[in-house]
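Visitor: The lines below spell out each chain.
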Amino acid sequence: MRIRTAGVIAASMLCLAGVAACGDSKDNDTKGGSAPSAAAAGGELVIWADDKRSAALKPFAEKFGKENGVTVKVQAISKDQQTTFLTASQQGSGPDVMVGAHDWIGNLVQNGAIDPVQLTAEQKSGIAENAIKAVTFNGQTYGVPYATENLGLIRNTDLAPAAPATIEDLVTAGKKLKAEKKVSEILCLQVGQNGDAYHSYPLYTSAGGYLFGTTANGDYDPKDLGVGKPESVAAFKKLAALGEKGDGALKRSISDQNSIATFTGKKCAYLVSGPWAVTDVKKANIKYDITAVPGFAGGKPATPFLGVQTFYVAAKGKNKALAQEFVTNYVTTPDLAVALYNAEPRPPALTAALDQVKGADADLEKWVAAGKNAVPLPAIPAMAAIWDPFGKAESAVIGGADPEKTITAAGKTISSQIK
Amino acid sequence: MTTQLGGSASRALPATDPGRGSEPAHRKERSVSAFGLAVKIVLLGLLVSFSVWAAFPLIAGEHWVGLGILVAATALLLYAYLTPRHIPAKYLLPGTVFLVIFQLFPVLYTASTAFTNFGDGHRGSKQDAVVAIQTASVTQVPGSTEYALSIATTGDPATGPIVFLITDPASKKVSVGDGFGLKELPAGDVTVTSSGKVTAARGYTVLNVGQASARSKEITEFVVPTAGGAIRSTGLSRAYEGKAGRVYDAATDSIRDTTSGKVWKADESLGAFVASDGEKLAQGWKVNVGFANFTRALTDDSISGPFLGTLVWNFVFAICSTGFTFLLGMFIAVALHSSRVRFRNLYRILLVLPYAMPSFAMLLVWRDMFNTDFGLINNLLGIHTNWFGGAMTARIAVILVQLWLGYPYMFLVCTGALQAIPGELVDATKVDGASPWKGFRAVTLPLLMIALTPLLISSFAFNFNNFNAIWLTTEGAPFPADNLTNGATDLLITYTYRLAFGASGAQYGFAAAISIFIFLIVAVVSTISFRRTRHQEEVYS
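Read top to bottom, the protein sequences are chains A and B.
For the first sequence, our numbering begins at 1049 and goes up steadily by one.
For the second sequence, our numbering begins at 15 and goes up steadily by one.
One chain only, chain B, in its complex shape (with noise of 0.2 Å):
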């Protein structure tokens, strides 16, 4: 196999490199080849053999479009490594699948649960809803036995009908129940242990705990109907008489209260069964509510009203983070990298220590700091300020932690920009007369702002959504006494995570929504700083 391959492979060679006639480079330039043949080979193969992997639950959860399009890409994909045409597609396709997968799913999928009403209480699909309220209303008939049960086939134990034989524990008198109701056997007929469970019976299989195990579906589901209601099984050993409490009726599309009488209609809008005095079931279900959550968070007042603040604060908390880091980290780069400083490598990588660390450690060690009473912040310095406590001394505490946090990054990408400038620009200024400071703000700063300001844009987006640096540290404190769902330091990430997960359980849809719209704030914030720099690099080009 491999020996054909490579003689395929070899083939090609004289024709494409003439010019090489040495037999050692020419056997170089074989090996090579024929690796990279068996690479794809292999790398193709996995592909195939994972999409028929992924293919089996498809078809079996009947999901017709996935498998369509999983079976489109991956026609896809062998079309284009196995065809020699095409060429920059095959340099393009990997990460443009990834790029899917990764990212434009995640994406789509957070856009399309932002039209839902996914949470607690809402999770699965109606059918799921009707099951769980049907289970939770079986309640055992009052004063009915509870009885020993075995379970029993009268065929195979593996494929043949079950049915239950019940012991009364008063009498031990045994009966068979299956589909249709129960029926007394002959005490001769069966074996029973001390406990009541029927260890023998004639005519009929007992099933032993694995073989019943391996059926518990089917036994779950089982039920012997009674006058009063039905047989079921707890477990494998005891069975009870009980009885559905709720019923849900297709015809009309509502669940009915059996005692009471009470009907829950289905409200497709909600996801939920509500009663006519407007009572909803717990058990809802996952349903379209178009732009609810959109609307919810601008015209909610206890969302939409502090919103403006948090976005205000988001920014002053991203700019001063992004921009103090840069300015410290940028001039202590300059001043390490005057060649007349000694022991420079000690102080970078002294400074560099604070980059090094777990951030999450970090932040919860900070916060300790700042604690009032047994902080090491308030200890040193002696006074005993409240620092979480007020919503200014708060934002400023965050911000000197990002002050620590992140400048030694920003130091160590100024040393290098540095280092790429020439040093002979720097020597010209000199010769012209400028003063240092001049030189610098003329020369050296612009050529580093070419280099840094993607990075600082960056840096501006990840810290607008700095979640860990909010939520390790104040989780949003102070908040004002009189709204207590909004502090001081909140982000708008915190903000939607407690209105999302913290208060009245998950609210995945409302979430999604919230996202999409800090999604929206930091493309426009990032497309315009771009924008604005690539006019930068016209000017200094």
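Extracted from the complex, chain A is given alone in its bound form (with noise of 0.2 Å):
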């Protein structure tokens, strides 16, 4: 037995000394082979993107990665990046370069997942302006902005060939139609059962409602809290007007899974969306046309949220030095952005790319346009505690409960949330 005993031991320990040799073989093979080549030694850009973006991204990778002898790896994130790459940063596996929407800055920033960069006066010059404001955070510029996107209404021209000047020329036209059994639906605007804060925002604010002030340099204030001030009751009351018990062109049933789909099928003539739903209007054939949300006759006018897709460089990266080289150098020309453009069509924030391809484009313009009032998404932390109950109120008044009571309860929730 005892033997037996010894060799197993002999045995495990050869196991074992073949899998450590293994490992230093490796070691010895990455040191060996490095050494006189800069391409290995340079490290490595780790770059992290949805799964559009980050196809996109890889040939402008590689090259950068080619010119400057570098490794560049770009890795698809398909869902819940901002988390992901939170938890990821915080145990040290995180990218250097992060991908991203422009209103994940407060969250990033409290959580010191990213690093301001510094852009040089002729670099922001090159981008549009409401996109360099949505990156400014506490007054640092936190990332390199290259597309933007807003809401817009798209119109089948077909079955509405003018543009309507205000919510209720929308609503007479869409009743017209609706009598005339050309449509079922007189508007598609995404509410659903728990109501859409980011597709209602251009009516609640032409309604004269507002999520927070702004302080003296311009930057949203998180004390000022517009939900359940008195603006805001009334703004929810016309969209209860609006609403199942009076209109009936905001509807619970049309919610973010079937509202694209109920314009592509021609159950209805107006659609609120945005660039992103163009692929699928198209692929339905249908004649479009994409104007600005029209707002209330007489009141404010309708500004839609502006989103920015941003380049981050990641606080906890490894390589920080060539990430911000990456992001403050090499994403600011336009090739890459005019690429990102073709993977997805969203008007690029860099001023010479919308130039470069605004001409094979005619939405582009359209959409810019559509989105001249728009402001730029809050990055306040705050905004987190907005989302939810401001939805869920929006949907609660649509479907006929008392405006003033729902809209000063969901004032009440938010402000508590917010500390």
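What the hints contain is simulated information worked out from the structure, not anything from laboratory work.
Warning: the hint list may mix true and false statements.
[What the hints assert, rightly or not] Calculated lysine-lysine pairs in the PhoX-like style (CA-CA distance at most 20 Å, straight line):
{"id": "1", "chain 1": "A", "residue 1": "LYS1181", "chain 2": "A", "residue 2": "LYS1420"}
{"id": "2", "chain 1": "A", "residue 1": "LYS1348", "chain 2": "A", "residue 2": "LYS1285"}
{"id": "3", "chain 1": "A", "residue 1": "LYS1121", "chain 2": "B", "residue 2": "LYS231"}
{"id": "4", "chain 1": "A", "residue 1": "LYS1348", "chain 2": "A", "residue 2": "LYS1286"}
{"id": "5", "chain 1": "B", "residue 1": "LYS294", "chain 2": "A", "residue 2": "LYS1271"}
{"id": "6", "chain 1": "A", "residue 1": "LYS1285", "chain 2": "A", "residue 2": "LYS1315"}
{"id": "7", "chain 1": "A", "residue 1": "LYS1366", "chain 2": "B", "residue 2": "LYS231"}
[Stated by the list, open to error] Okay, the calculated beta carbon distance ranges per label pair:
{"id": "8", "chain 1": "A", "residue 1": "ALA1227", "chain 2": "B", "residue 2": "ILE410", "range": "50 to 58 Å"}
{"id": "9", "chain 1": "A", "residue 1": "GLY1266", "chain 2": "B", "residue 2": "ALA370", "range": "51 to 59 Å"}
{"id": "10", "chain 1": "B", "residue 1": "GLY437", "chain 2": "A", "residue 2": "GLY1313", "range": "50 to 58 Å"}
{"id": "11", "chain 1": "B", "residue 1": "ALA370", "chain 2": "A", "residue 2": "GLY1313", "range": "24 to 32 Å"}
{"id": "12", "chain 1": "B", "residue 1": "LEU312", "chain 2": "A", "residue 2": "LYS1348", "range": "39 to 47 Å"}
{"id": "13", "chain 1": "B", "residue 1": "SER268", "chain 2": "A", "residue 2": "GLY1266", "range": "23 to 31 Å"}
{"id": "14", "chain 1": "B", "residue 1": "PHE70", "chain 2": "A", "residue 2": "GLY1313", "range": "56 to 64 Å"}
{"id": "15", "chain 1": "B", "residue 1": "PHE70", "chain 2": "A", "residue 2": "ALA1391", "range": "53 to 61 Å"}
{"id": "16", "chain 1": "B", "residue 1": "LEU312", "chain 2": "A", "residue 2": "THR1327", "range": "44 to 52 Å"}
{"id": "17", "chain 1": "A", "residue 1": "ALA1391", "chain 2": "B", "residue 2": "GLY242", "range": "37 to 45 Å"}
{"id": "18", "chain 1": "B", "residue 1": "VAL539", "chain 2": "A", "residue 2": "THR1327", "range": "45 to 53 Å"}
[Unchecked claim] From the derived model, a few chain B residues whose C-beta atoms are all more than 10 Å from chain A:
{"id": "19", "residue": "HIS77"}
{"id": "20", "residue": "ALA431"}
{"id": "21", "residue": "LEU506"}
Glycine residues also receive a C-beta, built at the ideal position from the N, C-alpha and C atoms.
If you follow the hints, you should be able to join the two separate chains into one complex; please do so.
Guide: Below, the structure is given as structure tokens:
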């Protein structure tokens, strides 16, 4: 028995030695192989983006790598990019460069996950002004924008040849089409069972509501919450009039799942959506036009949110100097912005890139025009507290709940969560 | 090597099995044993190599407790399998190890998180927060020059001390910056491109991008002090004169704003820097908050208020989901158990179909079928009910969906259990003159329940926390107008999820505290039910 035990120990040790030797030899390989070639010695740059963008980024990342003698890896993160990035950063396994929406900034900054970038005045002037404003937080620029997006009104020109000047015009025209049995819905604006703050925001602002006031330097002020104020109650009363107990233009049965499909199925003549909807609309062979979301007659202009897709430098990246070099000096070139535009047709934030592609795509300028009034999505962490209660209040009011009671409760919920 | 081991193994054989003398059987035994030995060697070898592999990061991170646990666990495992003693331990250890890793550790981790403020704004250490605050406050000195930058060294490209060669874009004058300050270089000593980058300088080795990026960390941290602030790099080709707006003072443990002079003092109980006027800096750190998360769950009105209602509905949901699926499944199983039914197998296959579909997709399909205007159900029945709009209809809808998703499972297990009940028992009831219903009540059902009660309890526990069933259909809707955090179909788990991740960013500590409450509730219910099952078994057996 003793011999057997000894045998097992000896064999296990041999196995271990073998594994260890393997490990060693691998190490030696990389060390030995890399020392003379600068490419591998330069370390690597890891970029995270969503599926579509990472595919578009890959050739450019490789080009950047080759030109500079470094390895660039683009990794696709298909879900929950912000949370994945935060958790990975915390563990030290995050990327050097992150691609994502600008309204993450507040949360990423409070978690120390991104670093500010320093752009020259010349670089800044080459980027759309409102895009730069969107990535500016507490006086610092926290990323390089490459594309913008905002809501607009997509109209089936066969059914509705003329663009409505006001929501009232839209409702009248929609009701007429419905009476003629040409459509079954007046307007496709996604609400859903739990509401949708993003899509209802243009109407809310046109009716006089606001989310946050602004401080002296133009930043959003979380202490001045507009939800629950008399203006917001008045605005929600106007939304209620468009709702299920009123005109029936806003309905809970139209949700993120079916709003675009209902429009492409020609069941409604008007769709409130963004550039991402155009691919489907084109596929359905619908003649369309894009205009700004109309406001209420005699109301304020309808201001949609402006979302800005941004390159961030990760604060806990392993190769920050190279990440800054890539983000500030490479992302600001038009070639990359054009490639990303080809991956998904959103207006490039880089003026030079927009000029390059707008000739081939007439929609781009229409989207930019529809977003003329757009305000950047608030990037302050307090915004996280808005989405859920605001959406639910909207859905309840559209379903016929008392606007005053509902919106006051929403305001209370939100302010208790903003600390 | 193998022959020697095989020899030692075969030597033991005659002693254990002297009766079997035939040569082929002997050889078979021997080869199995040698194979077993080989498996053992490989597994233990893998174990040791895994431990060695895991030890390096632990040593590098100076996690001595973790290292101690690793060494002790490895030693224990080797001891158990390399000595002939402790036979029961050999069987118990693998299960125990996996239990600790996959069950005990997550539970303990959740429990320990429940006592912290871990969440957005409080993810890292204080050191991380200080670095983040200082880095975020560095701004370009107003009106200062933006320089073109080349990174160089006086020594070896990989290890030599780093210097910045910066070019003023207007005058094309090149200066060298080290840890002490800037010094202008004579124009004859340097070669400058039109963009201002220095390609060569006497006495310095200019690093290429690859060489420089290999030393990324040093470059990012390298600053050249100047009168107004410090020259810092932006990437590898530009530099600017920046100034930190906020600095940390270790002596007073506070952050000071260099322009306004405002001071934020560290508050270790909150994990944040707080100013005298109560203003908190956004970047905080993780601290132990004791029972604060638990007391918040119990005392915060917006959380504890709707808790009881949600709890009651949670029980109703779990009991109805389990009970109705069981009744329907059992009814069909009994109906199809009779040998008089033709095409029994075809029916059985068709009935199992819903079970074979991914519930994830099915839940989404059902949600769309309940849509007021476009849903199949309203169109089919010719009604216009907003199913998810009213509390009662929404609750009925989610239970209906659960019934559809869950009955095939109950049908399957009932069919299996029915087939295990001896036919003679049922026949005996007929001989005794009992009606079929009475026979079912008195014989079949009790025998079924013995086999099925544990499954019903586990099904209850599963449905009690059936997150997908609610989140993918109603998301908790409808919400009463005066309380937007707690919907009519919310289970405790969806309600917790919204509290923890929905509203004001991720609050992992608080969510962990709530999940401990849920764990306690499910544990109590399960314990009571299992105890009752034991009584039941005693009665029937």
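Visitor: Determine for every hint whether it applies to the structure shown.
Guide: How the hints compare with the structure:
no., hint, verdict
1, LYS1181/A to LYS1420/A, "holds, 14 Å"
2, LYS1348/A to LYS1285/A, "holds, 15 Å"
3, LYS1121/A to LYS231/B, "holds, 19 Å"
4, LYS1348/A to LYS1286/A, "holds, 13 Å"
5, LYS294/B to LYS1271/A, "holds, 13 Å"
6, LYS1285/A to LYS1315/A, "violated, 27 Å"
7, LYS1366/A to LYS231/B, "holds, 7 Å"
8, ALA1227/A to ILE410/B: 50 to 58 Å, "violated, 35 Å"
9, GLY1266/A to ALA370/B: 51 to 59 Å, "holds, 57 Å"
10, GLY437/B to GLY1313/A: 50 to 58 Å, "holds, 57 Å"
11, ALA370/B to GLY1313/A: 24 to 32 Å, "holds, 31 Å"
12, LEU312/B to LYS1348/A: 39 to 47 Å, "holds, 44 Å"
13, SER268/B to GLY1266/A: 23 to 31 Å, "holds, 29 Å"
14, PHE70/B to GLY1313/A: 56 to 64 Å, "holds, 60 Å"
15, PHE70/B to ALA1391/A: 53 to 61 Å, "violated, 41 Å"
16, LEU312/B to THR1327/A: 44 to 52 Å, "holds, 50 Å"
17, ALA1391/A to GLY242/B: 37 to 45 Å, "holds, 43 Å"
18, VAL539/B to THR1327/A: 45 to 53 Å, "holds, 50 Å"
19, HIS77, "holds, 14 Å"
20, ALA431, "holds, 40 Å"
21, LEU506, "holds, 18 Å"
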